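A.B. asks: Sequence:
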Amino acid sequence: MPLTTAKRVLLKLSGEVLMGDQDFGIDPAFVAELAQEVKAAKDTGLEICLVIGGGNIFRGMAGAAQGMDRAQADYMGMLATVMNALAMQNALEQLGVPTRVQSAIEMDKVCEPVIRRRAERHLEKGRIVIFAAGVGAPYFTTDSGAALRAAEMRCDALLKGTSVDGVYDSDPKKNADAKRFDTVGYDRVLADNLKVMDASAVALCRDNQIPIVVFSIREKGNLARILNGEGTQTIVQ
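For the sequence shown, our numbering begins at 211 and goes up steadily by one.
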């Protein structure tokens, strides 16, 4: 469906985006800029869910590659996403945007547990809901968590804000001749392993007919342009 007619979307941000120009961690100034973009999108009347990765703090697969137990490393990565969610909540609420964080790992001192019907009520009341801790289980990425929440919340689209401006037939950072797709099918993404999101996330979006919109979140004002049907993007559908 055209994004201009969408009523509810899920915005997936990579954790690395929150680093800004740093090499690690959270850059509060850049998170504040991202919050301005999200607020501008919400001010159009859109209902917004957010999922943020944890790669700026800890990535489970990287820990496993260095000899850690994969499940243990993944749980550490989930906790990193909660930290990012709280940082984004703080930035949004400083702008006057009511926000709730729901975590798939229960930690009632800092956020709510994931309860679908409660999340729906938050959205109906004009709050932004940030889903943290992925799916709450190891061996799944935050991409899978984003696809799951998008399906669960009946979102019209899943917007993936990354450091690149779409989906390419090869890595544009390594191949100057890489070709960007305007639109591409779910099955092509899976068959050619195009690295949009992990395979389980793409398959879940395909099975629930949720278009995936890949765009660069680092360009100021780009989220608003994408929602207006403008800007550089790739739609997986």
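Derived from the structure by calculation, the hints contain no laboratory data.
Every value quoted in this text rests on a predicted model; they were computed, and no experiment measured them.
There's no promise every hint is true.
To be verified - Simulated crosslink set (DSS-like; lysine-lysine; CA at most 30 Å straight-line):
hint, residue 1, residue 2
1, 217, 383
2, 249, 335
3, 217, 384
4, 249, 319
5, 430, 384
6, 383, 430
7, 249, 430
8, 405, 383
9, 405, 249
10, 389, 405
11, 383, 335
12, 335, 430
13, 252, 405
14, 405, 430
15, 384, 405
16, 389, 335
17, 217, 405
18, 319, 383
19, 430, 389
20, 384, 249
21, 335, 319
22, 252, 384
A.B. asks: Is the Cα-Cα distance between residue 217 and residue 405 30 Å or less?
C.D. replies: holds, 27 Å
A.B. asks: Against the 30 Å threshold, does the CA-CA distance of residue 383 and residue 430 hold or violate the hint?
C.D. replies: holds, 21 Å
A.B. asks: Taking 30 Å as the top limit, are the C-alpha atoms of residue 430 and residue 389 close enough?
C.D. replies: Measuring from Cα to Cα gives roughly 23 Å; hence the hint holds.
A.B. asks: Is the hinted pair residue 384 and residue 249 satisfied, with a Cα-Cα distance of at most 30 Å?
C.D. replies: Not OK: residue 384 and residue 249 at ~34 Å, beyond 30 Å, violated.
A.B. asks: Is the straight-line distance between the alpha-carbon of residue 252 and that of residue 405 30 Å or less?
C.D. replies: holds, 29 Å
A.B. asks: Is the straight-line distance between the alpha-carbon of residue 405 and that of residue 430 30 Å or less?
C.D. replies: holds, 24 Å
A.B. asks: Within a Cα-Cα threshold of 30 Å, do residue 252 and residue 384 meet the stated pairing?
C.D. replies: With Cα atoms ~36 Å apart, residue 252 and residue 384 exceed 30 Å; violated.
A.B. asks: Between the alpha carbons of residue 389 and residue 335, is the straight-line distance 30 Å or under?
C.D. replies: violated, 42 Å
A.B. asks: Hinted pair, alpha-carbon criterion (30 Å max): residue 249, residue 335. Please report holds or violated.
C.D. replies: holds, 15 Å
A.B. asks: Do the alpha carbons of residue 384 and residue 405 lie within 30 Å of each other, as the hint requires?
C.D. replies: holds, 14 Å
A.B. asks: Can you confirm whether the C-alpha distance between residue 217 and residue 383 stays at or below 30 Å?
C.D. replies: Distance ~34 Å between residue 217 and residue 383 Cα, so the pair is violated.
A.B. asks: Between residue 335 and residue 319, is the straight-line Cα distance small enough, at 30 Å or below?
C.D. replies: holds, 23 Å
Checked against the numbered hints above, the structure breaks hints 1, 3, 11, 16, 18, 20, 22 and satisfies the rest.
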